[in-house]
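Start from the sequences, fold in the hints, and give me the full structure.
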Amino acid sequence: MDSDRLFAGWELRSPRVEALSGGRQYRLGKPDEAIEIPGDFSTLLKSDVQLAKREVLRVREEFLKALSAGLVCGSFERHPEKPRYLFYREG
Numbered sequence: 001m002d003s004d005r006l007f008a009g010w011e012l013r014s015p016r017v018e019a020l021s022g023g024r025q026y027r028l029g030k031p032d033e034a035i036e037i038p039g040d041f042s043t044l045l046k047s048d049v050q051l052a053k054r055e056v057l058r059v060r061e062e063f064l065k066a067l068s069a070g071l072v073c074g075s076f077e078r079h080p081e082k083p084r085y086l087f088y089r090e091g
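Letter 20 of the sequence shown, counting from 1, is numbered 20 in the numbering used here, and no numbers are missing.
These are calculated hints, taken from the structure and not from any lab test.
Misleading hints may appear alongside valid ones.
When the alpha-carbon atoms are kept at most 20 Å apart in a straight line, the in silico DMTMM-like pairs for lysine to aspartate or glutamate are as follows [what the hints assert, rightly or not]: (1) 30 - 90; (2) 82 - 61; (3) 65 - 55; (4) 46 - 4; (5) 65 - 18; (6) 53 - 36; (7) 65 - 33; (8) 82 - 48; (9) 82 - 36; (10) 46 - 77; (11) 82 - 55; (12) 46 - 2; (13) 82 - 32; (14) 53 - 4; (15) 46 - 81; (16) 65 - 36; (17) 65 - 32; (18) 82 - 33; (19) 82 - 40; (20) 30 - 4; (21) 65 - 90; (22) 53 - 32; (23) 30 - 77; (24) 53 - 90.
Given below as structure tokens:
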């Protein structure tokens, strides 16, 4: 199955990176958007290829919508069943 690829960038002089590199905490606050992904995509792909394809397309569309709205993906929340990407307004 085809998959999407993104290019990630890190602003090394951002307040967040400066704080974390100095051993300080930095809180992003409440996300403006969250995009949930399947917890075990490999199992989903083996059990239901069509559903897996629909999930890939759904996540793609949600990413495009969030990025088009000026949001940036600033974090990822690990969860065994409902992991999700967290999006924030820039600035």
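For this session: List, from low to high, the hint numbers that the structure doesn't satisfy.
Result: 5, 10, 20, 22, 24
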